[in-house]
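**Student:** Residue numbers (our numbering), protein chains in the order written: chain A, 1 to 114; chain B, 1 to 117.
Hints should not be assumed to be uniformly reliable.
[To be verified] Listed below are the simulated EDC-like cross-link pairs for lysine to aspartate or glutamate, each with C-alpha atoms no more than 16 Å apart in a straight line: (1) A:Lys60 / A:Glu76; (2) A:Lys101 / B:Glu87; (3) A:Lys52 / B:Glu87; (4) B:Lys14 / B:Glu87; (5) A:Lys101 / B:Glu103; (6) A:Lys49 / B:Glu103; (7) B:Lys41 / A:Glu8; (8) B:Lys66 / B:Glu87.
Since the hints were derived computationally from the structure, they do not count as laboratory data.
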Amino acid sequence: GNSVTQMEGPVTLSEEAFLTINCTYTATGYPSLFWYVQYPGEGLQLLLKATKADDKGSNKGFEATYRKETTSFHLEKGSVQVSDSAVYFCALTLSTSGTYKYIFGTGTRLKVLA
Amino acid sequence: GAVVSQHPSWVICKSGTSVKIECRSLDFQATTMFWYRQFPKQSLMLMATSNEGSKATYEQGVEKDKFLINHASLTLSTLTVTSAHPEDSSFYICSASVRSGGENTIYFGEGSWLTVV
C-alpha cells in the first residue's frame, strides 16, 4: 500500500542550527510529494512540493528533493529560527488517483529555542 | 490566500450525544472537501471525500451512519458525529480543493478537537 514515514519528534534545536526532518514513502505509481506546516492554532499550510523525481521544492529557506532511488523527501533548512517552531507533515498524493487523496506522515514537532 | 475555517475549534460533549463540526471555505467555492481525523502521534487519516450536492464517499472502515457528512453548498461541509463515545475523541480536520491554473490546490482548516466524556 501507499504510506509515508517520517521521523518521530519532537525535534529541539537552537536558533541558527541546521534542520533535517526525514521522510520516506512507499507508493504505487508516481506520487507528488509535499511538506505541510502547522503553526499553533492554525490549519495546515503548504510549505513546498515536488511533482517528479529530482525536483527540488523550496520555500522560506526550507528545501526538499524528490529522490526516487531512495524513496525519500527529506526536509532541510540551513538556519532555523524560533518562528519555525511548528509541526511538519510529509505527505504524498498520487497523480493517478483522480480524487487528490493525501496520505500523511505522523507529523514531526519542531521546537526552536532562542 | 484562500482560507478554510472550521468551527468549533474545541468541543466537549457527553457520551451518547451528537456533535456537528463545520468546515467553510471563506473566499472560494469548493466542489470537493475532505475530512480527516488524527489520533495522538498518528497520521491524519482520510475519513471521507465530500462532493457538493452528492453523497460523501467514505474510506474503508469509516462508519457512514456514525460520521454523517453533508455538503449542501459550495462553501460549507459539515461532519456530525452521532451518538458519540469516548473513542471518538480525536482531532478532526477538513480540507477544501480548488482548481486554478490547471492545478488542484488543497487548503486545510485549523482543525477541531473533540473530547467525549
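**Student:** Give a verdict on every hint.
**Tutor:** Do the hints match the structure? See the list:
1. A:Lys60 / A:Glu76: 11 Å, holds
2. A:Lys101 / B:Glu87: This hinted pair is violated, its Cα atoms lying about 25 Å apart.
3. A:Lys52 / B:Glu87: Violated. Lys52 of chain A to Glu87 of chain B sits at ~39 Å, over the 16 Å cutoff.
4. B:Lys14 / B:Glu87: 12 Å, holds
5. A:Lys101 / B:Glu103: 14 Å, holds
6. A:Lys49 / B:Glu103: 13 Å, holds
7. B:Lys41 / A:Glu8: 8 Å, holds
8. B:Lys66 / B:Glu87: 12 Å, holds
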